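S.K.: So the chains spell out like this:
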Amino acid sequence: MYSIEKMSNRKFSLYYQFFLFLFFIPFIQTIFVVFPAFGQMVPNSAKECAICHFRWLDQFYHEGRGTDLVEYQKERVAASEMICYSCHNGILVDSRERFWAKRGHRVNMKPSEKVVIPEEMPLDEKGEITCGTCHTAHGVADELRYQQTIYLRFCNRNSEICMKCHVGKQGGIKTGNHPIGVSTLPIPTRIQDNYGRAGIKKDAVICETCHTVHGTTDKNLLVIPNKTDDAYTALLCESCHTANPSIQGQGIGIGTHPVDDQHQLKLPSHWKDGSPMITGQKGEVLCITCHSPHNAREDTSILVKGAQKPICIDCHKKEKYVINTEHDLTLSAPAELDLSSKVGLQTGLCSACHRPHNAEKYRLWSRPLSGLKGDAGSQMCASCHQSRLCAQKKLIGRYSHPVNEKMSKVQGGQKFPSYTDQGQIIKQGAIEQGKIMCATCHNPHQWDPQKKKSGPGQLTEGDASNSFLRMANDDNSSFCLACHESKKAVLKTDHDLRISAQEEKNSLGRTCHQEGPCSACHVVHNAQGGKLWARFLPQAQDPISSYCESCHREKSCSQKKLVGINTHPVVVNIDAVGGKTTLPLFNERGKVSSQGKLVTCATCHNVHDWKPDKEGMGYGKNVEGDGQSSFLRIANDYNSTLCLDCHSNKACVGKTDHDLRFILSNEKNIMEQTPAKSGLCGACHLPHNGASILMFAKEINYGGDVANLLCTSCHKEKGCAEKKIISGNTHPMDKGIKEADGKTSLPLYMPDGTKKEEGKVACASCHSAHQWSSTNSAKGTGKNREGTANDSFLRLSMLPEPVLCENCHTEEAQVVKTDHDMGKMFSEEKNIQNTTVKESGVCSACHLVHNAPEDNMWARELPAVAGSLITRECASCHYQGKVGEKKLIAPFSHPTDIPPMDKEIATNLPLYTFSGAIDQSADGLLTCNTCHNPHQWSPAESASKGNSGEVRVSLEKNPEGDIHNSFLRLPEKKRKNLCTDCHKNKQYICNSEHDLAFVAIEEKNIQGKTIEESGVCSGCHLVHNGPFKNLLWARQLPAEKDFMLATCLSCHHEGKCAEKKLAFLGIHPSSFVYTGKVTQFRRMGNNDFQTYFPLYDKKGNKSLIGFVTCPTCHNVHQWDPESKVYPDEEKNIEGDPRNSFLRNSGADFSICLDCHGFEAILRYKNYHVPSEWQKKYWKPGQKVKIGR
Amino acid sequence: MPHLLFKKKLPLAHFRNVLVSSFIVWSVFFLGSGKQATALEIIQVKHLFDIQKDSVIPPLDQPSAVAVDRQKKIWVLDGVNSRVVCFNSTGKYLSQFGQKGTDPGEFKSPLGMSIDSEGRIYIADSKNHRIQIIDQEGKAISEVYIPPDKYGCLADPTDIVIDEKKQHYIIVDNDNHRLLLYNKKLELIREIGGVGYEEGNFRYPYTACIDGEGNIYVTDVINTRVQVFNSEGDYIRSLGEWGIEKGQFFRPQSICMDKKERVLVGENYAKIGLIQVFDSQGNLLGIIGDSQGKKLRFKVPADLYVDQQNRLYVVQMFSSTISVFSFIN
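Residue numbers (our numbering), protein chains in the order written: chain A, 735 to 1922; chain B, 137 to 465.
These aren't lab readings, by the way, just hints derived from the structure by calculation.
Bear in mind the structure is a predicted one, so any value in this text is a computation, not a measurement.
Honestly, I wouldn't trust all of these hints.
[What the hints assert, rightly or not] Derived lysine-lysine pairs resembling DSS-like cross-links, with alpha carbons at most 30 Å apart:
#1 A/Lys935 / B/Lys244
#2 A/Lys781 / B/Lys431
#3 A/Lys961 / B/Lys263
#4 A/Lys836 / B/Lys236
#5 A/Lys836 / B/Lys228
#6 B/Lys407 / A/Lys836
#7 A/Lys1763 / A/Lys1858
#8 B/Lys236 / A/Lys961
#9 B/Lys407 / A/Lys860
#10 B/Lys435 / A/Lys808
[Stated by the list, open to error] These stretches of chain A come out as covered by chain B in the derived footprint (C-beta under 8 Å, 3 or more residues):
#11 781 to 790
#12 819 to 825
#13 828 to 836
All residues carry an ideal CB built from backbone N, CA and C; glycine is no exception.
Generate the whole structure from the sequences, applying the supplied hints.
M.R.: This is the structure in structure tokens:
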């Protein structure tokens, strides 16, 4: 502090000034009294000093007295701590926390020997440090504000004052100190909040970055104590040096040595030189465990002085065996650079691969990992073991032991370390959850697993006993089998080549005696393919087959055991046989997978285990296998357990007529095995080396579709199933499903026996050889019995409804519960095989699938009538004395067995050959089935329609049909009906005045039927059983000689429905005989128009020499010759010369001119005045229309 | 010493000494005549109790403000510990909330505090440059960030006064030497003052209070005066001046208005540590003293508060004590 006595020796002139001042005081005071505001406007310099220097107030300094407010201040102290506090308590600056609540630099003590106090830093009279040692009330000039100079003796912007005394704390790492002046990391908020600060340069580290002279509770004046509650922490260091400054946010242990983390290493309590090792409360490694910010080993990363070189091995003792091995890069690759571009000799032994900070992401790796693929372990190893890198001589090849797989996949893996994704070792507890990495098998720090010592000191080629392996791999492959325990069973089997092929060498040229039995097929690195295959891999259907065929092929060591052509397929989807098995399935890459569905060799065979139910190893000699051994996963026994594990749906064949064990116990397969020897399936199938497709176990006669030949190998004359032979007219098997309805769920077959949608019907389409009953998935009874429509190995049932037939013949199945369903109509009626529908199914009433006597597989006796087969088939029921006699066709009916094309009629309805086959060609005949579909009662309704299994709605028994059903093929619609499909130009009658539904809906025909009941055509025509042959006229005819005129008069007559249109006065003479010349319409070109005016004889037959009669001029089926549409669908309109069912328009006299020639119009006009209608509507050259 | 120098340099010193001495005496007499000494009245208060430093854990550490709500609970702003501590009307600890930080409900060097009629606590959160409004459970209701001044200097709110009649908030921005008037929507409506010696300007204003008419009294600490503004913020007058005589100020830090509309001003410098009492026109009425008529000196009276019962609360910052008194007359 400054005392007033130190202010001495003033100049004389000052006293003059002082007295002058005193002299003028009254006047100055007067000015202040008169102009009081002036005193306030001008800063009071005395106040500006005394505001801190309290003692300098006039009352104390000059007058030597106190006041009412304060006592006289005797002590001549320029200012006191409380003066500071009077502003620094928040009035100017809030320094309460920093200065008055916490600890500061020690004062009132003699400096220690560690510091050097320069002369310009005065101690007090006792030689102790005091505030004034650093501070002076009138500090050095500085461009910084007082807040930063704080009345210091010197500029301290870079902690210069600190370093004046603490001389040994600078120099950076060269002198073993934390570097200062560096600004590579931002000074974090946590430091700043605790009064740490940077130097002049932004983020520059200075003493006061970590230490603060005032405002800390730490005895070392650290801004954040590194020891609280007697436990060290890394908080201060980590404030700047976050867990990993280079890879921020990735957590401790990735890229930097773990700190603050409990570990399993047993750390020494002291360094080698005896100095204590600082750790956390629970032994955690802290920053200050290895580093000392001051007094560290020179020219290191401020590492503690007492540690060994390298410091790592003080804790990591086991790793020191790496010295003098090939992994000691100072030996094997002395010129190799690490991430910091230094060689191992510069950075130390460990640093060749590891660096504690700014390392690559795994295990503090100090070698570049960028661009390397694979898991953590692979990346680390590949940072040397890769082409063009220092360990390129030791590459592992494309196919190597898998890594990055969970240890839980192997048995016995807990003997070896597993790792996390970051390459952290899992030593205890959850080893199974860890992953296999290179270091699972290799200990990169120890060359020989049996010798805990440094390496040989020279580069040597390794073998299975060293090579950094964690365990020696002996001639029993002990190291491999330590994890792969389940594979031990292969020892001493035929697959142990020490037994079966001693001299056989693997791809590396090694025999089993050299490398152990596993090496015959597998090598850990540089394998030929998947599964670490150690043998040449031939092309095969799938990877597994390729492995097997590397031995089981011609000219290889297992050429005696080949599988042949007709062998069990591989790479087939298990879904094809139901999708369930306990056997392993594979994916396309040959790996067992829960998603895999493919069957391969290894599905049935376990190559490591000779006999499925035998524990232990093989017999030690080469033996011939059978269904109980042969490396099968499940014994294939009398009941074919192995086969049925996949083909469980075939198990129903047991005890059926196809189970030869019961039926033909002496029948032998091509292996000369009886069913008892071969087992259930073996009687017909061999898994390898079969005689035909489906690995057939019996010889077949080639010729024909293979699919059927399998059946006929037994079902043939003198065959073991000769009682069941197919002959005669039977269901065709040379046609695809398109011949039926185009869809089926039943299997179809190609000639080579393969199953395809575009295939043909074969025996197996309808029959399943493995299941006797279609409705009961059960085995047979063991008794040979005659089949029925519901068993007989049929795939689907035939009773009560014909589900099997319906599967292809969907439309035909609609016959069920119609009048053509014999079960409904005549349940006792029997077919030609003397069975009822109840016994053999509804279809069997008319059709036999096998061995029918007639074409069309017709099941009924055909009557002796003339006509096509269709006609006769219908007559087999619709005939006198037969079940359908009530529905006979009388002579005046629509003709049948005629080709419509003869009358240039084209139709969509089916036409037939004389023998009953469908024939849409020009020769196709119209038959009953052209108009009738005998399997479908109603074309429009689906009352009787249903798919397999549906309950059909039964129709009324024997209902009287009408135009809407009656087994007709087409429904009755306006303009579109069965008749118009052939008689197309007649359709325009609909909605015209000749459509009785339009003008006389109650009018009935001669059969008493209305139009609604029998259709629009039936108003005038009857298809069957009419009274008139000509036109099949359906109306009562008046007594008139002219038949055609009579047909018109049947309506246009008094008392008849068209009596309003009587036109028999002035009628064109009907008896006029034309000369036979056909008159052409002028509007040619439209095919729908008739091109002539027909003449008729009196019987109503068209004749070139005949009478003009009504239809000569009128086309009764079309109202307007120019339009096919009647102009008003709601009302009967009055006709005129342009329509009125005329064949040609009369509006411009065309119809007259057609016959009478052009001069007729001249004549007419000469004698006739224009009618009212003409005046109103008609003008020459102009088309005139009435109505809409 | 000057007279020693006279001996050496001036042989005719005696005459001149007489002359000079008479000049000094005359001048002193003349100068002193303006401040005629009168008896200093002691305004007596009765000490009721103290809220001691150790009455809460951790102990109070240089508290800066006190306020009493309608339930007579005493709220103490313990800024070094970044918290608000609540005591009952007899000084028994009840609760506390707050911690250091910048989030709502956290503080950095808070200095001033007020409580409105609904019990909401307004904290002048100085180094967070904001006013926080907090409920009595410590849950932040809202905050008002005080904008920097026109030069970009961050605000340093050291006190807030609530004028419930006018529905104004008066905020003292210490570092920027200004008063800020906010309306009830917490919108800034007027900025008063700036750095300077002139009327209406400030040098480090620290705390404020209002009288019954809404006039604002502000301690202008380094200008060593109390400035008075009307409720609209217009300058009216000043109280006190620089000095250590009665009615003068050396470090006028704290201020409050008692029920008689007397203005109490606390001197924070420990050597003085007095509370002077003025009428609203600036006439000194007396100094707070005990029942024996002895002046009471406080260890940095950083805040004063008079509650509804006319009890005087003195925050002694340096001793971390809140002393409670009642006026005797």
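S.K.: Of the hints stated earlier, which fail here?
M.R.: Failing hints: none at all.
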